[in-house]
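K.L.:
The residues making up each chain are set out below.
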Amino acid sequence: MSTADRARDALARLVDASATERVLISTAALVLSVLIGAVLVLVAGRMTTCTVGEAVYYFGTGFCYDPVVVFDRLFLGALGDPFSGGWSPNGQFAVTLRESTLLLFTGLSVALAFRAGIFNIGTQGQMVVGALATALGVLWASSLVSGALGTVVLIPFGLFVGAVFGGLYGAVPGLLKAYADANEVITTIMLNFIATGIALYLVSGVFKDPESAANQTVPLPEFAQFPALLFGAQQDFSIVALGFGLLAVVALYYVLEHTAFGYDVRTSGVQPEAAEYGGVDAKRTVVASLTLSGALGGIAGAMYVMMVLGTFQTGIPAYGFDGITVSILAGNNPLGVGVAALLFGVLKSGTTVVQFATDVPPQLVGVLRGLIILFVAMPEFFRLLARGLPGTGSKPEAVATDGGAAGDRGGEADE
Amino acid sequence: MSDAPADRADADTAPGDDDAGFLEGYTTRALVGGVTVAAVVALLLAGLLFPDSLAGTLADALTSRNTLAAALRLSVPIAFAALGGIFAEKSGVINIGLEGLLIISAFSAIYVADVTGGVWIGFAGGVAASTLLAALFAVVTIGFRADQIIAGLAVWLIALGLAPFASQVIYGSPNTPTVATSPSINVPVLADLPFFGALFSASPSVYLLFAAVFGSWYVFERTAFGRWIRASGENPKALDTAGVSVTRVRYAAVLISGVLAGMGGAALSLDLGQFTGNGPTMVNGKGFIAIVAYLFGNYNPVGAFLSTMLFAGLDAVQTVLQLQGIGIPRQLIRITPFVVVIIVLALVGRTRLPEAAGEHYETEE
Numbered sequence: 001m002s003t004a005d006r007a008r009d010a011l012a013r014l015v016d017a018s019a020t021e022r023v024l025i026s027t028a029a030l031v032l033s034v035l036i037g038a039v040l041v042l043v044a045g046r047m048t049t050c051t052v053g054e055a056v057y058y059f060g061t062g063f064c065y066d067p068v069v070v071f072d073r074l075f076l077g078a079l080g081d082p083f084s085g086g087w088s089p090n091g092q093f094a095v096t097l098r099e100s101t102l103l104l105f106t107g108l109s110v111a112l113a114f115r116a117g118i119f120n121i122g123t124q125g126q127m128v129v130g131a132l133a134t135a136l137g138v139l140w141a142s143s144l145v146s147g148a149l150g151t152v153v154l155i156p157f158g159l160f161v162g163a164v165f166g167g168l169y170g171a172v173p174g175l176l177k178a179y180a181d182a183n184e185v186i187t188t189i190m191l192n193f194i195a196t197g198i199a200l201y202l203v204s205g206v207f208k209d210p211e212s213a214a215n216q217t218v219p220l221p222e223f224a225q226f227p228a229l230l231f232g233a234q235q236d237f238s239i240v241a242l243g244f245g246l247l248a249v250v251a252l253y254y255v256l257e258h259t260a261f262g263y264d265v266r267t268s269g270v271q272p273e274a275a276e277y278g279g280v281d282a283k284r285t286v287v288a289s290l291t292l293s294g295a296l297g298g299i300a301g302a303m304y305v306m307m308v309l310g311t312f313q314t315g316i317p318a319y320g321f322d323g324i325t326v327s328i329l330a331g332n333n334p335l336g337v338g339v340a341a342l343l344f345g346v347l348k349s350g351t352t353v354v355q356f357a358t359d360v361p362p363q364l365v366g367v368l369r370g371l372i373i374l375f376v377a378m379p380e381f382f383r384l385l386a387r388g389l390p391g392t393g394s395k396p397e398a399v400a401t402d403g404g405a406a407g408d409r410g411g412e413a414d415e
Numbered sequence: 001m002s003d004a005p006a007d008r009a010d011a012d013t014a015p016g017d018d019d020a021g022f023l024e025g026y027t028t029r030a031l032v033g034g035v036t037v038a039a040v041v042a043l044l045l046a047g048l049l050f051p052d053s054l055a056g057t058l059a060d061a062l063t064s065r066n067t068l069a070a071a072l073r074l075s076v077p078i079a080f081a082a083l084g085g086i087f088a089e090k091s092g093v094i095n096i097g098l099e100g101l102l103i104i105s106a107f108s109a110i111y112v113a114d115v116t117g118g119v120w121i122g123f124a125g126g127v128a129a130s131t132l133l134a135a136l137f138a139v140v141t142i143g144f145r146a147d148q149i150i151a152g153l154a155v156w157l158i159a160l161g162l163a164p165f166a167s168q169v170i171y172g173s174p175n176t177p178t179v180a181t182s183p184s185i186n187v188p189v190l191a192d193l194p195f196f197g198a199l200f201s202a203s204p205s206v207y208l209l210f211a212a213v214f215g216s217w218y219v220f221e222r223t224a225f226g227r228w229i230r231a232s233g234e235n236p237k238a239l240d241t242a243g244v245s246v247t248r249v250r251y252a253a254v255l256i257s258g259v260l261a262g263m264g265g266a267a268l269s270l271d272l273g274q275f276t277g278n279g280p281t282m283v284n285g286k287g288f289i290a291i292v293a294y295l296f297g298n299y300n301p302v303g304a305f306l307s308t309m310l311f312a313g314l315d316a317v318q319t320v321l322q323l324q325g326i327g328i329p330r331q332l333i334r335i336t337p338f339v340v341v342i343i344v345l346a347l348v349g350r351t352r353l354p355e356a357a358g359e360h361y362e363t364e365e
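Same order as they appear, the protein sequences are chains F and B. Using UniProt numbering, the first residue of the first sequence is number 1, and each one after it goes up by one. Using UniProt numbering, the first residue of the second sequence is number 1, and each one after it goes up by one.
These aren't lab readings, by the way, just hints derived from the structure by calculation. Please note that the accuracy of each hint is not assured.
Said to hold, decoys possible - Derived coverage of chain B by chain F (criterion: at least 3 residues anywhere in the stretch with Cβ under 8 Å from a Cβ of chain F; other residues may be distant): (1) 134-147; (2) 165-175; (3) 336-343.
Unchecked claim - To give an idea of the chain B side of the interface with chain F (calculated C-beta under 7 Å), a few residues: (4) Ile150; (5) Ala151; (6) Ala154; (7) Leu157; (8) Leu332.
Glycine included, each C-beta is placed from N, C-alpha and C at the ideal position.
All chains should be modelled from the sequences, with the hints used to inform the complete structure.
P.N.:
Have a look at this one:
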């Protein structure tokens, strides 16, 4: 059985789980990860030192970190503390929406590839390439136009540049997979390292802003950046960008579900042999879906440059890897990505609040990301849990419906 | 490294695989090996003729004893992880989380060594941490039938967050303080040989690696357990019929992969005396390079070691070149191993995975 077959096999299993069950599993995975995160915070609180006054006490034992405070800050803090008054449209909530906007694109990027049976772990690298191209392209074009007209022209132009370069970079593993049979998981991870290395080389050399100590390009003029309408001015958030993101969600949903290309993608993802038999050009579908996936990653990079930083700087945060979590959490459904991106935006934005309010290291969210992926990947675990619980009438049915798909070898008969 | 192709050819024929995909892979491998050797020989000749040219500098770098020493040192974590990957994947479980196992063991080794003051206790601590994480991976993929690729990815991401998190909690920084390192072992007389002397004057972890390569080869070629692992990956049903539990063999193989990767990660950090956890951490993709190394080595421990030496040798040469101030920018030289991995993967192309790799096996009762 080839890698591709296996990937599709796994996908078939994921897709076959009913929608309700998927929502239940994702929620359970999230809750369980938060619980384990709480234990981790407690354990970490035992391993570090603090004064008696700072410590909190649970079960008669003192801990340096308080998980209740951590998760209160993580979730309520990210929403700008809606229950304690003084909520401001320019507060932390705007940061949450900003993070969600970027995660929408990286999440959609991963989801699209997943639907075609491809694990695109290279969204991060495609985002870096798109971001750098946008920063340089828009900088060049901004000398030609200015003012409000400049904004109207430059933003679509910047998104286009980001999409093209991200798409080209995504096409590389696509071509390698289609024509050289190189495993995309490995190639995309390698291409992430390569993108970061080349970006560092270019930005610390030829394209470096001579006025800055950091490795960054010359900042874009104000009119070449997303305008802050209504709210988010101080938090580098633009509702226009979020609008683009929601549009992308709907558009990708439509493309996947209602177009011939979407049909090709979905069938190659679920039933590759049937797709080929039905006349789908498998190689072309692989290249096309990875290119489109890369383009979405590139747009995320363009957004990051034109909305958040206003320049390209090395060390782009791991939105691409978070996109994997978002997509897996959403069951690779574009509409689900909308919800999961908001949820993960809360986690990302809450991290900074936690950092301000407590001494807990921000890498905690990185651990949560891994745990969420792990739990979503093992629906079997939750089915067992559900089977163990008394009085859950609807559960056994869900298990049986999926039994055939999960077992793959007459699981129905075994049950 | 000039005798690599002959060894690799031996390594390739040893497992006795016999399908069309294998023959295809064999010729590309031979081609890649042949081209590499031809290039090296041409370079050495050119260097001999024109000692002052770029070729001369490169030839010096290649024949330098320091290069071999550096290549051996750099290959330790990659080769250990690759051996671990072979055990897991041959048994039918694709362990893409090797990177995570390296990260967690690299940190734990330093932490335990720092607390206890013993380098070898630290080493054991690193191996234990990696084995625990591998056990979690085994339970998730074998026990709960999770998708192996996604679960492996999760293992990587968990370790990528957990190690710097723990370092930050304990030491207040993602980088640990330095601990004592163990001195290198010198074999008298042999250590004074030119070039090959580096083989006999190395850190203990290098000798441990030699032992592990031989041990893994022995297990696969000469023991019943090795045959079970292979059967569990190629034809689990036959193994089941023969009365051996596929589940147990797979658990054992994944745990062994944890032990081996743990040795690699612990050796990596303990040889330097520090764990650095910024960005992609000090492991920086070595676990993924290990996967390519064993694919290129056709799941043979010796083959995996030789292809690791190829990657590590390249890395070592680039370090020497950097020190000599050749006009290639540092940032670009640094990405060469990753580029080479892609090229190798593109050339080797279809690697023949064990028949049942990635599939869950359902015992029929």
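K.L.:
Next, verify each hint and record whether it holds.
P.N.:
Structure-based check of all given hints:
1. With 5 residues carrying a beta carbon less than 8 Å from a beta carbon of chain F, the region 134-147 of chain B meets the three-residue requirement, and the given coverage holds.
2. Counting residues of the region 165-175 of chain B whose beta carbon lies closer than 8 Å to any beta carbon of chain F gives 6, which meets the minimum of three for the stated coverage.
3. Residues of the region 336-343 of chain B with a Cβ under 8 Å from some Cβ of chain F number 4, which satisfies the need for three, so the listed coverage holds.
4. Proximity of B/Ile150 to chain F holds as hinted, the smallest CB-CB distance being about 4 Å (cut-off 7 Å).
5. With a least beta-carbon distance of about 5 Å to chain F, the hint placing B/Ala151 at the interface is held under the 7 Å criterion.
6. Because the closest C-beta pair between B/Ala154 and chain F is about 4 Å apart, less than 7 Å, the hint holds.
7. Because the closest C-beta pair between B/Leu157 and chain F is about 3 Å apart, less than 7 Å, the hint holds.
8. Interface hint at B/Leu332: satisfied, since its Cβ lies 5 Å from the closest Cβ of chain F, which is below the 7 Å cut-off.
Checked against the numbered hints above, the structure violates none of them.
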